[in-house]
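As a plain string of letters, each chain reads:
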Amino acid sequence: MLEESGFVQIDIGPPVDTFGGAGGESKARLFEVFGYAFLAHKPE
Amino acid sequence: MSEALPVDAVALRKEVSAKYRDVAVNPHGTFHFHTGRPLARHLGYDESVVARMPESAIEAFAGVGNPFSQGALNRGERVVDLGSGGGFDCFVAAEQVGPEGRVVGVDMTDEMLERSRAAATAMGLGNVEFRKGIIEELPVEDGWADVVISNGVINLCADKRRVFTEIMRVLRPGGRLQFADIANGKEVPAAALRNIDLWTD
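Chains as they are written, first to last, in our numbering: chain E, 103 to 146; chain W, 3 to 203.
Hint data in this document are derived by calculation from the structure and do not stem from the laboratory.
Covered, in the sense of this in silico footprint (three residues per stretch, anywhere, with C-beta under 8 Å from a C-beta of chain E), are these stretches of chain W: (1) 28–41; (2) 154–166; (3) 171–178.
A virtual CB, placed ideally from N, CA and C, is assigned to each residue, including glycine.
Construct all of the structure, not just a fragment, from the sequences and the given hints.
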């Protein structure tokens, strides 16, 4: 969706176990939910 | 042709605001996600920043990653934070851009705005302001921002395409989007996608 919106030079960082040990951990595990840091640029 | 959304955007917004109102009022309550200083440490924020942040500025933090892991912001940059919540990421950004930079946090929840504004005042930050608004219609002028940041907020919007279009509008040419959010490795069933309660629990 970032590309479709016109962003370029997109980078995605490594996964982070955002919900590990929290109440939402079981649902997060069910759908393999992790946090990521994204970087994208608007073209010049 | 417009794309059908899985849930009603206004109803979802109401549900999300109620959830984060709870976090603003009772940040040490029990939620399905972690909050506060322990979460910031868990997500890999710079320990020196986390350690010296006043409790009022970090206790309602509820991010899902670390947008600054994609690179520190530069001195003098103008930053917009989508869904600024208790303001923690804005305060981190304010330190990185320095007094010659500017940070605008946008949030739709009054209780979060009260909290973040009070924290900014207590910290004596003159380069941060918080504006009420929704991230599908940002209260920011065209091309103003060098950087847009966000943390765990875009996933809570029904119309993500509209959000990214709006980010494009407020970024200057060559500007960048640095955000953290969740993504699932397994497909979520269509019925679950239509259940608003599951978006926030």
